[in-house]
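Those protein sequences? They're chains P, H, V, D, R and W, same order as listed.
Using the working numbering, the first residue of the first sequence is number 2, and each one after it goes up by one.
Using the working numbering, the first residue of the second sequence is number 2, and each one after it goes up by one.
Using the working numbering, the first residue of the third sequence is number 2, and each one after it goes up by one.
Using the working numbering, the first residue of the fourth sequence is number 2, and each one after it goes up by one.
Using the working numbering, the first residue of the fifth sequence is number 2, and each one after it goes up by one.
Using the working numbering, the first residue of the sixth sequence is number 2, and each one after it goes up by one.
Take the hints with a grain of salt, since some may be wrong.
Identical copies go unnamed one by one, so any copy, or any two together, can satisfy a pair.
Claimed, not checked - The calculated BS3-like cross-link candidates involving lysine-lysine, where the alpha carbons are at most 27 Å apart (straight line), are:
no.: 1; residue 1: K55; residue 2: K106
no.: 2; residue 1: K169; residue 2: K55
no.: 3; residue 1: K169; residue 2: K81
no.: 4; residue 1: K144; residue 2: K55
no.: 5; residue 1: K150; residue 2: K81
no.: 6; residue 1: K144; residue 2: K106
no.: 7; residue 1: K106; residue 2: K169
no.: 8; residue 1: K106; residue 2: K150
no.: 9; residue 1: K106; residue 2: K83
no.: 10; residue 1: K150; residue 2: K169
Bear in mind the hints are in silico, worked out from the structure with no lab data behind them.
Chain by chain, the residues run as shown.
6 protein chains.
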Amino acid sequence: MRPSQRQPDQLRTVRITRNFTRHAEGSVLIEMGDTRVLCTASVEENVPPFLRGKGQGWVTAEYGMLPRATHTRSSREAAKGKQTGRTQEIQRLIGRALRSVIDLKALGERQITLDCDVLQADGGTRCASITGAWVALYEACDKLVQAGKLPANPVRDHVAAISVGIYKGAPVLDLDYPEDSDCDTDMNVVMTGAGGIVEIQGTAEGEPFTREQMSVLVDLATLGVRHLVAAQQSALAA
Amino acid sequence: MRPSQRQPDQLRTVRITRNFTRHAEGSVLIEMGDTRVLCTASVEENVPPFLRGKGQGWVTAEYGMLPRATHTRSSREAAKGKQTGRTQEIQRLIGRALRSVIDLKALGERQITLDCDVLQADGGTRCASITGAWVALYEACDKLVQAGKLPANPVRDHVAAISVGIYKGAPVLDLDYPEDSDCDTDMNVVMTGAGGIVEIQGTAEGEPFTREQMSVLVDLATLGVRHLVAAQQSALAA
Amino acid sequence: MRPSQRQPDQLRTVRITRNFTRHAEGSVLIEMGDTRVLCTASVEENVPPFLRGKGQGWVTAEYGMLPRATHTRSSREAAKGKQTGRTQEIQRLIGRALRSVIDLKALGERQITLDCDVLQADGGTRCASITGAWVALYEACDKLVQAGKLPANPVRDHVAAISVGIYKGAPVLDLDYPEDSDCDTDMNVVMTGAGGIVEIQGTAEGEPFTREQMSVLVDLATLGVRHLVAAQQSALAA
Amino acid sequence: MRPSQRQPDQLRTVRITRNFTRHAEGSVLIEMGDTRVLCTASVEENVPPFLRGKGQGWVTAEYGMLPRATHTRSSREAAKGKQTGRTQEIQRLIGRALRSVIDLKALGERQITLDCDVLQADGGTRCASITGAWVALYEACDKLVQAGKLPANPVRDHVAAISVGIYKGAPVLDLDYPEDSDCDTDMNVVMTGAGGIVEIQGTAEGEPFTREQMSVLVDLATLGVRHLVAAQQSALAA
Amino acid sequence: MRPSQRQPDQLRTVRITRNFTRHAEGSVLIEMGDTRVLCTASVEENVPPFLRGKGQGWVTAEYGMLPRATHTRSSREAAKGKQTGRTQEIQRLIGRALRSVIDLKALGERQITLDCDVLQADGGTRCASITGAWVALYEACDKLVQAGKLPANPVRDHVAAISVGIYKGAPVLDLDYPEDSDCDTDMNVVMTGAGGIVEIQGTAEGEPFTREQMSVLVDLATLGVRHLVAAQQSALAA
Amino acid sequence: MRPSQRQPDQLRTVRITRNFTRHAEGSVLIEMGDTRVLCTASVEENVPPFLRGKGQGWVTAEYGMLPRATHTRSSREAAKGKQTGRTQEIQRLIGRALRSVIDLKALGERQITLDCDVLQADGGTRCASITGAWVALYEACDKLVQAGKLPANPVRDHVAAISVGIYKGAPVLDLDYPEDSDCDTDMNVVMTGAGGIVEIQGTAEGEPFTREQMSVLVDLATLGVRHLVAAQQSALAA
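This is chain P alone, in the form it adopts within the complex (with noise of 0.2 Å):
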């Protein structure tokens, strides 16, 4: 029995609001139940010093988390002077995924960033990040096109993540923090939409896992990140 009810196979509600804050050129508040991530993109007309005439545009991601975005609260990174590791490597995670999905020669010698910051944190806050920046992504680059400046979105495919784990000995799809706080196998999976598996990240942090729980594991996480992928679709429609 899942602490929230939800069914071994069940996502959390998923809701993605655009818009959401007015300067960016994609502003999108993605929430998994509790989570909440704001996720912006910005275009600069540059690309970083090691791409410099190469023809060819940067995807990158930064990550924070609001000091009280979780249950107790954790010092600001600002004023420790430096990012955890942890908040890097899910930068790098969050910049990966979406590289893998953009055409970076059609986008041109510009540089895109997402920033990805927790406001309210329940378990999944980087795939989340990478559901939700996404969704920014193609938006800004939407509107690099109405402007004239692109003749066609770069953005290729779509891309999102999803947790996965064992919990109490059972495969369960999108972990919220309580069971992420106890469970034996925790498993980040970003896929295309085609269905393409762009980056599988498993840890246990109890017993090892099997090949078995492995593949029970990525088809709960393929049933997610279909319906994540509906759910970006809905929102570029609305």
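Got chain P sorted already, so can you dock chains H, V, D, R and W onto it with the hints?
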């Protein structure tokens, strides 16, 4: 004529939403027109080293701006590894303002941290932070009373803040970003519910200002703070 | 009764010594009683990146306190690896004050940095820094004129600063350390030679202050600045 | 055809040299072809603050790369003043992997730090670090047993790691640098001696990968880890 | 011929002014010609962690250079967020020199910090720091004796330092900046009042130097230190 | 009697292994008894900003110690976020020593960085670094000659370094760790192949030393360096 068509003594629409997030002891979204700041209050049952064993509590504040809260993206302080001078100045101001209306001895040996994070900026973020943080602080203290940890709320009076300035030669109340970036004098006034001045910071961006101008500006601010205190009361009554 | 036996409207002895060190384009030791600040002006023939090619100059300030300028040794900021919020707040204030009285276009594409280093502290170091730095700035500009690099001194007016406050219930001018650490209200006022207000920063350390108190304090400050401007004139005439 | 002429399922030559340096409680040089990592285990008789008094030990890891371990010199992290996100990601991975096979309660209130320093890099440094660090950890625990500080070695099983990937369309085992920098999918698999999966991290550098490809890759990795575990056993028996 | 017209074995004018500032337990301005260093000694009634409970005290030093102590402004270390290698090297040298002549056991469990801040630089600032800091240290210990905290001054002997070098082929004593920046060999010698060598640091900036040259340089330094010790004695007697 | 049973004028066994790693232009493992330092030379085809366009090259050095190179683990500088003063002092020394024997103009506008990383420490790491780095530097320059980028090797002479000291009252050559941590005087001498002194750094850890002792120590060092230069020659001839 103000860009927003407001009267010289007209505040922007003020909205104070309590319980905006669920983990913090106090959580308030304050909106002054398009400026939106999330203020959370976090209670910790200990005090910083310099106060240990002194039989009193402490109230402190931290301030941050999401990278794309502004028209163009500003770099993330956590990524740069340090807070700007502006950020430090603002968080020191918020802390002083709140400490002026709370009985720290009555609070006991605990610390309350107010995190003010700007989700969207359109001028006046430090004033909005003070006004919103006061509500979050009050709420957090109320919970301590409800939990039987304090006999009475140690917050003795309201405190709120507003900016005033001389824009195109005329004194105006509550500057928004277009006014703020093009005014001659910019003044932030922090006042209590009883009308006492807690802090005044006036800066001539262009021409120096006179005693008379200063007097008119403080009148306007007094009016503005009165409205803000009423908004705080409504929010608490809701 | 003031600890120093001064009258409420009496400044400490002001001494401004030019050419205190030999390398800087302007070098001034200012003493306000036991407070001693070394202010040097350094001219560089280029401007910071944000001003390049804009046809104007820049004036900026840095502030430091020697570790044992104070009663007990404070740790060295260079050793800790960062400047405190207080230091940053003060150096921003000094920079703004000086920029308010210089014609940056007339200065041309060069930068003048004012270093204000406190050799001995007895209250009022930020105000002494502004008053002393103005002399160093003027002197540095004069050398540019003498060297034929500028047709006329771009400094348009004096600027000086003084603290006022409410000590044991009475308004007093030019707080020294014993007063500063035990006063109800502390206000720093920056004014031009013509009497315009450039910056006012008032803080209630204890009880909030009233409009009437504020008015008396600004009167006292006006008086104080007038004396300081005279001291600046004497120093330049010497 | 692989650049190294190896068969798709062929590991590079593995060499594990114990007692490579003399001060550490465990000191192992692991070589996977031209990749060489020095892994040392250091025992300290206390635990980090978050574990004090909890009756258990801790195992953690740090990772570094000598500036010229690589084809072109990379800058020294100590000189830059911070570790890259990649470094932090790797050292977190090594720590998790090792903790998965040690009984931390049986270790008692002591910490073992595994330092993995890459002397020469040719791909697969994080996997080599895990495989080598396990030997150093085992050795350090053995010394605690010999010294009578522990009744039995708390390491419960082997753990080793290997990279697999899709290179020029074909699944291959143990990527070297030329393969790693030109592959479509790169996957690191951490497994125990009993064959359980502890961690799996797969990333599509180019095209997304399929369930079937993933399955073949995990088969290859299982084979590779089996060889590595045998190499660990030989090294301990030597 | 030396730029300053001095004889090869002639020191610059030495001036040691005690009580230059009022808060420190020892406060000395030392001038070697145009080089001016403020040396303060601060006594704290505890020792650094590595000495706690060992029944002895500690003497340490910090060194800084005001940004415009030099011909062209150098950037402020506090603003850059770190001390240069040169600064660290010098403060380590000053600390070692002073510790060589004090009985740390007799000092008891307290620490004396010597802050050496260069107000104006014209070569030889590290040597002047040592010579001046010794006087400040002696003075601070004397106050501990006068306060009844120590039975006798734990400083056992004088220590002073001087630079020597080979300038235009000739050995000279006490290099000033024009000589220092254009010499072949630069040597700093730290000696006790009894004539023992505490530290010698010689560097060939151009051609390597010979045993014979080294011998002549140490002779010159011995002479110089003898004069400096006399100056220290006069300062203490004043 | 020395702990190692060596004669007072006996070096530890010196071993210089070239091509210890494969990527660097010069790669040398130097062993002085149990002290082992990996020295690599990296050539870059540009110079640091302060030398651009000056028609000369630059040689610089960085130094590091693996955390468990020592008896007890020391913390990793990259993790702490800064290099110690000792590290900076050593790397500055290595750089100066090498620059003293290379014709920087003949090197052309390129920079060679010597990375000296201590794999195992038993005293004398800075001296071993200089002696080993010289071989790596020579080798890297040789490769530039072989590649036709330089007409001749710009290294003009050997340079090597050795420590000497007064241990239990007697002058000894090449201190190992047990001697180094218990000696009265410790001196590092850097000399050229021609016998010129490039750098001498002597420190009295206990009693000050005399002119006579200094003379004996330099004699010993001269002897030691002669052996080291021979070892460098053998290594290059191999």
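How the hints compare with the structure:
1. K55 <-> K106: within (9 Å within a copy, 34 Å between copies)
2. K169 <-> K55: Classified as between; 24 Å across copies, 51 Å inside a copy.
3. K169 <-> K81: neither (37 Å within a copy, 39 Å between copies)
4. K144 <-> K55: within (24 Å within a copy, 31 Å between copies)
5. K150 <-> K81: Result: close neither inside a copy nor across copies, 40 Å intra and 31 Å inter.
6. K144 <-> K106: For K144 and K106, only the intra-copy Cα distance (18 Å) is at most 27 Å; the inter-copy one is 39 Å.
7. K106 <-> K169: between (46 Å within a copy, 22 Å between copies)
8. K106 <-> K150: within (14 Å within a copy, 37 Å between copies)
9. K106 <-> K83: neither (33 Å within a copy, 32 Å between copies)
10. K150 <-> K169: Neither: 52 Å inside a chain and 35 Å across chains, both beyond 27 Å.
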